[in-house]
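Taken in order, these protein sequences are the chains called C and Y.
Our numbering numbers the first residue of the first sequence as 205 and each following residue consecutively.
Our numbering numbers the first residue of the second sequence as 205 and each following residue consecutively.
Don't read these hints as lab results, they were simulated from the structure.
From a predicted model like this one, the values you see are computed outputs, not experimental measurements.
Cβ coordinates follow ideal geometry from the N, Cα and C atoms, glycine included.
Be aware that a few hints might be false.
Pulled from the structure, derived: some chain C residues nowhere near chain Y, Cβ distances all over 12 Å [as the list claims (entries may be wrong)]:
1. 217
2. 308
3. 316
4. 407
5. 419
6. 424
7. 501
8. 510
9. 529
10. 536
Derived CB-CB ranges, DEER-like [claimed, not checked]:
11. C/474 x Y/332: 42 to 48 Å
12. C/475 x Y/218: 26 to 32 Å
13. Y/423 x C/258: 22 to 28 Å
14. Y/468 x C/212: 37 to 43 Å
There are 2 protein chains.
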Amino acid sequence: MKGKTKTGLNFSSGIVEMVHGSGGRAMSQLVDELFISAFDNPYLSQKNDQASFDLPAGRVVMATDSHVVSPLFFPGGDIGSLAIHGTVNDICMSGAKPYFLSAGFILEEGYPLKSLKRIVDSMALAAGEAGVTIVTGDTKVVERGNGDGVFISTTGVGVIPTGLDIAGSNVKPGDKIILSGSIGDHGVAVMSQRENLTFETTLLSDSQSLNDLVDVMVTAVPEIKCMRDPTRGGLGTTLNEIAQQSGVGIQFDEMQIPISAQVASACEFLGLDPLYIANEGKLVAFCAPEHSDQLLAVMRAHPKGWEASIIGEAVVDDHRFVQMKTAFGGSRVVDWLSGEQLPRIC
Amino acid sequence: MKGKTKTGLNFSSGIVEMVHGSGGRAMSQLVDELFISAFDNPYLSQKNDQASFDLPAGRVVMATDSHVVSPLFFPGGDIGSLAIHGTVNDICMSGAKPYFLSAGFILEEGYPLKSLKRIVDSMALAAGEAGVTIVTGDTKVVERGNGDGVFISTTGVGVIPTGLDIAGSNVKPGDKIILSGSIGDHGVAVMSQRENLTFETTLLSDSQSLNDLVDVMVTAVPEIKCMRDPTRGGLGTTLNEIAQQSGVGIQFDEMQIPISAQVASACEFLGLDPLYIANEGKLVAFCAPEHSDQLLAVMRAHPKGWEASIIGEAVVDDHRFVQMKTAFGGSRVVDWLSGEQLPRIC
Chain C
205 MKGKTKTGLN FSSGIVEMVH GSGGRAMSQL VDELFISAFD NPYLSQKNDQ
255 ASFDLPAGRV VMATDSHVVS PLFFPGGDIG SLAIHGTVND ICMSGAKPYF
305 LSAGFILEEG YPLKSLKRIV DSMALAAGEA GVTIVTGDTK VVERGNGDGV
355 FISTTGVGVI PTGLDIAGSN VKPGDKIILS GSIGDHGVAV MSQRENLTFE
405 TTLLSDSQSL NDLVDVMVTA VPEIKCMRDP TRGGLGTTLN EIAQQSGVGI
455 QFDEMQIPIS AQVASACEFL GLDPLYIANE GKLVAFCAPE HSDQLLAVMR
505 AHPKGWEASI IGEAVVDDHR FVQMKTAFGG SRVVDWLSGE QLPRIC
Chain Y
205 MKGKTKTGLN FSSGIVEMVH GSGGRAMSQL VDELFISAFD NPYLSQKNDQ
255 ASFDLPAGRV VMATDSHVVS PLFFPGGDIG SLAIHGTVND ICMSGAKPYF
305 LSAGFILEEG YPLKSLKRIV DSMALAAGEA GVTIVTGDTK VVERGNGDGV
355 FISTTGVGVI PTGLDIAGSN VKPGDKIILS GSIGDHGVAV MSQRENLTFE
405 TTLLSDSQSL NDLVDVMVTA VPEIKCMRDP TRGGLGTTLN EIAQQSGVGI
455 QFDEMQIPIS AQVASACEFL GLDPLYIANE GKLVAFCAPE HSDQLLAVMR
505 AHPKGWEASI IGEAVVDDHR FVQMKTAFGG SRVVDWLSGE QLPRIC
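Could you put together the complete structure from these sequences and hints?
The structure is reproduced here in structure tokens:
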């Protein structure tokens, strides 16, 4: 058949070659046999340079993330599933329902097609679980030594249901802060695989899409003020961002922060602060005190929020300080992360 | 002020550091002083992890491109303006009006902030010229040797005006093919800067946004069947893609293809075929024969289409061959590009 090579891609021992990024026949084959095959939907199959679709009425939300996690595979996930979760979560933290994603791949010459297929299949699975469709994409190839295996940029669009107003600037003093679960799992799981750091752990990354959890939250309490997923920079940085945006102080209680024994001991061993370690499947939500019990209840009833707890509240503070009541009864200022704890964690 | 470092970024001798991708204070500073400052709009200034906006009624279009062009600066453009043009053009080839863009940056540790600022300013200028707004973004940093300066992934959303149906599968035998201008300029301009190839030329890349040209085209002839910008793989590959999608053959006339003397001589010198060289500011349009004169007239009246010409037509051909009548009166099959002519051209 014209326009195809006669033999299929070699997914057992083939590698990414410069010609796969040329725009010609080899790229067309990669798109057909890898991406369209895995993501399987009528938008991609049309093979236009763009996708078109209808969206429900409402305010449209757009979010993007470029993923450079190293290593590409880690306990509990890989760059493929992470690239879906990261963007789905950025979309749904606005209360929006995510619908459509684009995916841009920057591949390094020589990367095994077998591993690339594993990543792409993982993306397809994660997209299916989150109920989103990968409708358009792009593939580029760079020479050996000018990349690092695979980088994936995803962008998503979603729509905010009428009546929601969820943003970082909405928090008022007195609002309660609910954390959906344990912190530090993603960062420690990825770090456990680094060449120079390998340590024994059965810990898995928490990488997951949160749109189903958000769905029950905004249905029960449409008055939620703000939600955010504490990814790079961790919970400590996220709370500082929100304090800054809303012009409030934040006080929270260390004893209320769920943390696994494995994360706690890895952090102690490596001298890291779990408050600054990345999460990829957790969120913090701010709501008025009269809604906090109800919101906590629906979160705890959901499998992705069973460990949820009210960790503190927003307070009047012109300095916008984030402060933590420590386990020993003292108080500590939790500043922005100023150095680099863990490079390339997402 | 809390949440900021006290001194500004050093745009004269500073470099990208790993900490600029950490999610903490340094990243926040980079976002504030570089991206928000250059792209200057109320969506970005809100500093949420997503942007929300209203779109006019109509079918929504989404397109994405990851840009890895090398070198990052070339005659007539740079990776920043190219990242806007590429995605704006993918959006508007569907007839859609582009509105909002996201931008994801993958920066290599050590890259000069001065050059990065030049790229970002160029993006801002190109976005302003095209009338699109960069509403959300992401920044990652990889270690020296794991990237190549700057990669930029852009994704755009737009809306198709009611009544248009423009797609690669719509072409029928008899439809005329109009090319908007000369071919090969972008590829040859970039190539002229490659370390191992440097040659003398005053040629500029044709990199430009085509949404204003498309606007006059679809207003005059809403019945346009298909439009596409012949980027990677060049005009030859684009015509093969459309022949394949629509199930037609294509015949065109070499004498009708505008090409500059500089591109022609560079191609002869280097043994390259201009039909496969990338363009970043040209389009081909297919329309019924009764509309072709009118469409050609409005294109020629526009500064981005003054060299437009009818280059050929779609024909009945079960083999979906693309054939060119040569300048010497013969005929040649123009196959898909099967090798790699010019890596990292966009």
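Hint by hint, here is what the structure shows:
| no. | hint | verdict |
| --- | --- | --- |
| 1 | 217 | holds (21 Å) |
| 2 | 308 | violated (4 Å) |
| 3 | 316 | holds (17 Å) |
| 4 | 407 | holds (21 Å) |
| 5 | 419 | holds (16 Å) |
| 6 | 424 | holds (22 Å) |
| 7 | 501 | holds (26 Å) |
| 8 | 510 | holds (24 Å) |
| 9 | 529 | holds (20 Å) |
| 10 | 536 | holds (15 Å) |
| 11 | C/474 x Y/332: 42 to 48 Å | holds (46 Å) |
| 12 | C/475 x Y/218: 26 to 32 Å | holds (28 Å) |
| 13 | Y/423 x C/258: 22 to 28 Å | holds (23 Å) |
| 14 | Y/468 x C/212: 37 to 43 Å | holds (38 Å) |
Hint violations for this structure: number 2 only, all remaining hints satisfied.
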